[in-house]
Amino acid sequence: MNDALLVIVVVTALAFDFTNGFHDTGNAMATSIATGALGPRTAVALSGVLNLVGAFLSLSVAATIASGLVDTNLVTLTVVFAGLAGGIIWNLLTWLLGIPSSSSHALIGGVIGSTIAAAGLSGVKWQGLVSKVIIPAALSPIIAILVAATGTWLVYRLSRRVAAGARSHGFRIGQIGSASLVSLAHGTNDAQKTMGIITLALIANGTLKSGASAPFWVIVSCAIAISLGTYLGGWRVIRTLGKGLVEIESPQGMAAEFSSAAVILLSSHFGYSLSTTHVATGSILGTGIGKAGAEVRWNVAGRMATAWLFTLPAAAIVGAAAFGLAHVIGGLAGGIAVFVILAGVALAIWLASRRTPVDRKNVNAEWTGSIAPAEPTPAGV
Amino acid sequence: MDWINLTALWQIVVFGLIAGAGLPAVFALGLRALSLGARTQPGSGESDEIVGGNPVGMVLGGVCFLIVLASIAGGIYFIVAAS
Numbered sequence: 001m002n003d004a005l006l007v008i009v010v011v012t013a014l015a016f017d018f019t020n021g022f023h024d025t026g027n028a029m030a031t032s033i034a035t036g037a038l039g040p041r042t043a044v045a046l047s048g049v050l051n052l053v054g055a056f057l058s059l060s061v062a063a064t065i066a067s068g069l070v071d072t073n074l075v076t077l078t079v080v081f082a083g084l085a086g087g088i089i090w091n092l093l094t095w096l097l098g099i100p101s102s103s104s105h106a107l108i109g110g111v112i113g114s115t116i117a118a119a120g121l122s123g124v125k126w127q128g129l130v131s132k133v134i135i136p137a138a139l140s141p142i143i144a145i146l147v148a149a150t151g152t153w154l155v156y157r158l159s160r161r162v163a164a165g166a167r168s169h170g171f172r173i174g175q176i177g178s179a180s181l182v183s184l185a186h187g188t189n190d191a192q193k194t195m196g197i198i199t200l201a202l203i204a205n206g207t208l209k210s211g212a213s214a215p216f217w218v219i220v221s222c223a224i225a226i227s228l229g230t231y232l233g234g235w236r237v238i239r240t241l242g243k244g245l246v247e248i249e250s251p252q253g254m255a256a257e258f259s260s261a262a263v264i265l266l267s268s269h270f271g272y273s274l275s276t277t278h279v280a281t282g283s284i285l286g287t288g289i290g291k292a293g294a295e296v297r298w299n300v301a302g303r304m305a306t307a308w309l310f311t312l313p314a315a316a317i318v319g320a321a322a323f324g325l326a327h328v329i330g331g332l333a334g335g336i337a338v339f340v341i342l343a344g345v346a347l348a349i350w351l352a353s354r355r356t357p358v359d360r361k362n363v364n365a366e367w368t369g370s371i372a373p374a375e376p377t378p379a380g381v
Numbered sequence: 001m002d003w004i005n006l007t008a009l010w011q012i013v014v015f016g017l018i019a020g021a022g023l024p025a026v027f028a029l030g031l032r033a034l035s036l037g038a039r040t041q042p043g044s045g046e047s048d049e050i051v052g053g054n055p056v057g058m059v060l061g062g063v064c065f066l067i068v069l070a071s072i073a074g075g076i077y078f079i080v081a082a083s
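Which chain is which? The protein sequence lines are S and F, in order.
Start counting the first sequence at 1; every next residue gets the next number (this note's numbering).
Start counting the second sequence at 1; every next residue gets the next number (this note's numbering).
Calculated from the structure, these hints are not laboratory results.
Every residue gets a Cβ at the ideal spot worked out from N, C-alpha and C, and that includes glycine.
One should not assume that every hint holds.
Here are the computed distance ranges between Cβ atoms for each label pair [claimed, not checked]:
no., chain 1, residue 1, chain 2, residue 2, range
1, S, Ala305, F, Ser71, 25 to 35 angstroms
2, F, Ala73, S, Gly330, 48 to 58 angstroms
3, S, Val345, F, Gly62, 52 to 62 angstroms
To give an idea of the interface, some chain S residues facing chain F are shown, with a C-beta separation under 10 angstroms as derived from the structure [said to hold, decoys possible]:
no., residue
4, Ser58
5, Ala149
6, Ala164
7, Ala185
Make the full structure from the sequences, and use the hints.
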């Protein structure tokens with residue numbers, strides 16, 4: 001019986017990894033698409049491939065994702081499953097609204113919610129949550145803003161005698177390299193989070209011994225899922241990051257991407273599973289601050305920051321509710337019921353997104369204050 | 001367990017600034033060097049020709065771009081080797 005539930009959990013985890021991919025395509029590629037350094041289709045393909053490569057590069061984050069945050073002895077398959085449901089629903093809702101929120105926080109929030117529902121407040125390692133998740137989440141965008149603003153200021157200062165056209169052209173070429181680096185960094189960081197979750201499920205099921213590392217098939221399937229998600233391209237989020245937050249020129253784009261890559265890779269080296277989204281958004285904001293006369297849309301930034309504050313608790317509530325439902329029905333039937341509801345909600349959100357579609361054709365349209373570009377025909381919202 | 005790992009924090013900030021802000025700056029210097037000798041004047045030209053044609057500038061530009069590429073390669077090696 002448990003093996004059937006395990007299959008559902010693994011499928012759900014890979015689905016989460018897939019949403020993680022398309023939710024975060026914009027972190028690496030939004031500025032390159034906005035400045036025209038890469039065509040939209042080329043950008044998502046390149047990013048997908050590099051996420052795949054990146055997923056195999058480093059495995060230092062995978063171990064820390066859950067072990068320091070919840071009491072792993074209390075974690076059952078249902079807890080992992082309900083946590084994933086919370087993460088997926090939050091990811092899809094924020095994608096619908098075009099808000100670049102953290103997939104990592106969605107996942108962590110979901111797992112914490114389902115752990116609380118299963119074992120009470122004492123099942124959560126609160127100090128671990130604060131020191132490994134909340135404090136890094138508060139600091140990382142600030143560091144990214146600082147680095148990107150400094151980089152942007154230096155770049156404009158040093159290249160001020162270069163003709164505007166040549167400068168724009170040169171940095172567009174540079175952006176291809178820097179955006180690739182962020183994609184690689186995203187793969188090393190984010191794919192590991194799902195690897196960690198699936199490993200946790202395998203341990204909870206008794207398939208693996210406690211403390212085991214991710215089996216090879218887990219690494220491969222997670223790498224493929226995040227890469228396919230990235231290739232799909234989360235155009236709604238790309239649009240907000242590339243057009244909504246700051247009007248970006250190619251020197252700013254390159255400074256933002258270098259800042260993101262450096263901060264993500266360094267933090268990853270220290271074992272912090274911080275949010276690539278928080279870093280990338282901070283970097284883009286920083287380039288708006290570092291360039292004299294650049295327009296930063298603080299209302300868009302504020303909307304994002306609000307969503308970030310809600311990510312952990314909102315995903316936790318969905319995770320707890322999912323656990324409650326699965327627990328009340330019980331066993332495999334409970335798992336299947338939640339899975340069906342989850343699929344239904346995902347379908348509904350997707351259908352809602354079709355009413356105001358954002359795709360590679362209109363992703364760069366003039367920002368008019370909303371996610372969906374103004375259309376000649378009235379949109380049915 | 002400490003609430004904040006200050007050692008990690010300052011290293012992330014310092015090395016973040018060196019790599020994240022320093023490398024684009026070196027790239028900008030390279031672009032500046034490469035454009036030496038260009039006929040178009042700053043601000044006035046619509047031309048997107050990057051190479052100005054000055055031999056010294058081209059060598060200096062090449063050195064700058066090599067520094068950027070070597071740093072990226074070194075950084076990736078560092079990440080892979082550490083895991």
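Quick rundown of the hints versus the structure:
no. : hint                                     : verdict
1   : Ala305(S) / Ser71(F): 25 to 35 angstroms : holds (32 angstroms)
2   : Ala73(F) / Gly330(S): 48 to 58 angstroms : holds (54 angstroms)
3   : Val345(S) / Gly62(F): 52 to 62 angstroms : holds (55 angstroms)
4   : Ser58                                    : holds (4 angstroms)
5   : Ala149                                   : holds (8 angstroms)
6   : Ala164                                   : holds (6 angstroms)
7   : Ala185                                   : holds (8 angstroms)
Against the hints set out earlier in the document, no violation occurs for any number.
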